[in-house]
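Got chain A; can you put chain B on it based on the hints?
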Amino acid sequence: MTGGARVALGDLGLDEGAVVALKHALRGKQPGDTLAVEGSHPALAVHLRAWCRARGDAVSFPAGSDAAAVITVGASHEDRWRDAARAGHADPMIEGAIDAHPPRAWGLAARGAAVEAGSPAFDFALVDRDAAWSDEAPRLYAQAAAAQWDPATAIPWGAEFALDGAVEDAVVQVMTYLVENETAALMVPARFAATIHPHFREVMQLLAIQAADEARHIEVFSRRMRLRRDAPGLSTAGGQASLKTLVDASDFAEASFLLSVLGEGSFLSLLWFLHAEGPDEVTREVARRAAQDEARHVAFGLAHLASHARHDPTLRERLGAAIERRHAGLQHTAGLNDEVHDALVLLAAGSMAPAALRSGTERVQRLVGEMDTGRRLRLRRLGYSDDEARALSALHTRNFM
Amino acid sequence: MNNSTLTLGAVAYDPKVVTIWDGFQRWFRAHELDFDYVLYTSYERQVAGHFRGEFTVAWNSPLAWLQTERVAARLGRAARAVAMRDTDQDLTSVVVVRADSPVTSIEQLRGRTVAVGAADSPQATLLPLDHLAAAGLVPEVDFAVRRFDLLVGKHGDHVGGERDAAYALATGAVDAACLIDGNHLSFSRDGTLPPGATRVLAQTAPYDHCCFTALAGDDDALVERFAALLLGQRHADPAVRPLMDLEGLREWRPGRTSGFAPLARAVARFGTIDAFVEELVAGHARP
Numbered sequence: 000m001t002g003g004a005r006v007a008l009g010d011l012g013l014d015e016g017a018v019v020a021l022k023h024a025l026r027g028k029q030p031g032d033t034l035a036v037e038g039s040h041p042a043l044a045v046h047l048r049a050w051c052r053a054r055g056d057a058v059s060f061p062a063g064s065d066a067a068a069v070i071t072v073g074a075s076h077e078d079r080w081r082d083a084a085r086a087g088h089a090d091p092m093i094e095g096a097i098d099a100h101p102p103r104a105w106g107l108a109a110r111g112a113a114v115e116a117g118s119p120a121f122d123f124a125l126v127d128r129d130a131a132w133s134d135e136a137p138r139l140y141a142q143a144a145a146a147q148w149d150p151a152t153a154i155p156w157g158a159e160f161a162l163d164g165a166v167e168d169a170v171v172q173v174m175t176y177l178v179e180n181e182t183a184a185l186m187v188p189a190r191f192a193a194t195i196h197p198h199f200r201e202v203m204q205l206l207a208i209q210a211a212d213e214a215r216h217i218e219v220f221s222r223r224m225r226l227r228r229d230a231p232g233l234s235t236a237g238g239q240a241s242l243k244t245l246v247d248a249s250d251f252a253e254a255s256f257l258l259s260v261l262g263e264g265s266f267l268s269l270l271w272f273l274h275a276e277g278p279d280e281v282t283r284e285v286a287r288r289a290a291q292d293e294a295r296h297v298a299f300g301l302a303h304l305a306s307h308a309r310h311d312p313t314l315r316e317r318l319g320a321a322i323e324r325r326h327a328g329l330q331h332t333a334g335l336n337d338e339v340h341d342a343l344v345l346l347a348a349g350s351m352a353p354a355a356l357r358s359g360t361e362r363v364q365r366l367v368g369e370m371d372t373g374r375r376l377r378l379r380r381l382g383y384s385d386d387e388a389r390a391l392s393a394l395h396t397r398n399f400m
Numbered sequence: 000m001n002n003s004t005l006t007l008g009a010v011a012y013d014p015k016v017v018t019i020w021d022g023f024q025r026w027f028r029a030h031e032l033d034f035d036y037v038l039y040t041s042y043e044r045q046v047a048g049h050f051r052g053e054f055t056v057a058w059n060s061p062l063a064w065l066q067t068e069r070v071a072a073r074l075g076r077a078a079r080a081v082a083m084r085d086t087d088q089d090l091t092s093v094v095v096v097r098a099d100s101p102v103t104s105i106e107q108l109r110g111r112t113v114a115v116g117a118a119d120s121p122q123a124t125l126l127p128l129d130h131l132a133a134a135g136l137v138p139e140v141d142f143a144v145r146r147f148d149l150l151v152g153k154h155g156d157h158v159g160g161e162r163d164a165a166y167a168l169a170t171g172a173v174d175a176a177c178l179i180d181g182n183h184l185s186f187s188r189d190g191t192l193p194p195g196a197t198r199v200l201a202q203t204a205p206y207d208h209c210c211f212t213a214l215a216g217d218d219d220a221l222v223e224r225f226a227a228l229l230l231g232q233r234h235a236d237p238a239v240r241p242l243m244d245l246e247g248l249r250e251w252r253p254g255r256t257s258g259f260a261p262l263a264r265a266v267a268r269f270g271t272i273d274a275f276v277e278e279l280v281a282g283h284a285r286p
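Residue numbers (numbering that gives the first Met the number 0), protein chains in the order written: chain A, 0 to 400; chain B, 0 to 286.
Excised from the complex, chain A in its bound form (with noise of 0.2 Å):
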């Protein structure tokens, strides 16, 4: 016996919680170990005979002993176990705590966890760190948390305010135009979500709350559009042929590139503009908060990018391609809608008088140069040279996301 190990169930059965007693005794404990129970339950003869039994272990009731039974542990004892392997780190940090390549057979298992050999392998579609991990991940994913608003107490939903009946039209298509970009926005995060090793658990976390960022987009944009007009304003097949090539894209890399860097980066110009311009205090504050977002997508669909680019040699020259591709498929469609832009010159201009329609064209014009300028930064940041980055923004969707 080994240092006389002995387990006290005083009068609890082994139907009331002793077999996590007796569990917690014989953990640890290997083949041919004993374990001497105390306890006066009237069916504990009975049932640690049979609860034995059942996990191979031998149980005898010696005369004469002060121990009501003694368990000989069974030859198969914590086999169960023997073969488990830890998944990694739970700290992100510790070198090694990520894996290049995490077996499928981890599965949902907490990442750390000791994980049982012979779990099923589960079908992720996104395994490889290189493609999947940024260490900025964990560290926007707890920026996201903290910054999450209520949408009901966050925007001045009250707000007093009057506009030209023109105007109001404008600021509903611009709105209607956001809730069908946010909508892809938030599909987009949301499937790689679900097909991302869970292993990555804090780049998981981060596209399930930016497709929670973007359903909070979608309702204060919708409720805005409401505020004062019965229904949304027009779609285009155009703008939704783009939106789609988004929504369609089953690479992450090329997802999030064409997405966060690309569309999201032209997105944070469109939102300013809005916060800056907009004729009401309603817009002006969705547009800012949805704005904040905005900035944290684009901040983690650069990083991803630039690990997995500095990785991957080939990678830049992957989403070039991707949105070459794009242009090319796009081409046959008007980009940007007539009302879409009309409207954003209204709302920046506030009323139909020439002067002011005069100034609010100058601003528009201006915006579409600020979203080239921040595409070029942003693709400079990736590695690509200036007259790489010239190029491919130019090729970027006329319709903006």
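Among the hints, a few may not be true.
[Claimed, not checked] Listed next, with one range per pair, are the computed distances between beta-carbon atoms: (1) A:Ala189 x B:Gly231: 28 to 34 Å; (2) B:Arg268 x A:Pro119: 48 to 54 Å; (3) A:Pro155 x B:Pro194: 57 to 63 Å; (4) B:Val37 x A:Ser64: 46 to 52 Å; (5) A:Ala84 x B:Gly231: 22 to 28 Å; (6) A:Gly27 x B:Pro253: 45 to 51 Å; (7) A:Phe60 x B:Gly195: 17 to 23 Å; (8) B:Gly231 x A:Asp134: 43 to 49 Å; (9) A:Pro61 x B:Val140: 55 to 61 Å.
Hints in this document: simulated from the structure, not taken from any laboratory. The structure displayed is predicted, hence computed values, not measured ones. All C-beta atoms in this analysis are idealised placements derived from N, C-alpha and C, irrespective of residue type, glycine included.
Frame of chain A; chain B shown alone:
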């Protein structure tokens, strides 16, 4: 029968039986034993099929073992227990009463009602009733027997009969119920019986349960290969562990027949299998 294939006979007492033997089929084939199986709806059909040569090895209940052993002896053949689960050895059954019952001895069951499982269940009917009879109380004479005849022909493999007997005890419909020791524990843990609400009145002597049964002279070498592979299975092997968990064992043991003696006494007392054995022998004796 293709004599390079080891065919097993098993009784379909639950849909999981297909999962189990399909899994074993994959495992045995991966270990270069061509394994197949046939399912029967009752042990009686399986035993009859065994003597017609429909398969080589039977996965038998203890009662089916006795049936096979008796018929084989009458036909001048020899049956042998090839292997069994560790959990098939040294089971006991218990007779339980409600904790607040005035019954404190077997004798005090006289005139009362005892719930049992299926009529052909060794563990929930035959062995505990034999235990009471040996203590002087004749079933149906000295006390009433309430049978929970779920799936007769399955020899009590399905736990439903015992569960119904336990319910009957918990709800006060009967005075005592007969269960395997392990089921008394699991019913108390899963709430079928409220913990602490029942008391063990009596416990049978240890007995053995299922075994793989072969008839001497039927593909002996193949049976040896089958047994060797089975005994080599380890719970540590993740490829076979789910099957062992489904079958409820940690390791296979060589078959032994000493643990069937208590059941042999019970069926002798109640005449449980005599008619079946006679009928099967007569069928084989006919020209």
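message: To test your reading of the hints: which numbers does this structure violate?
response: When the structure is compared with the hints, numbers 1, 6 and 9 turn out to be violated.
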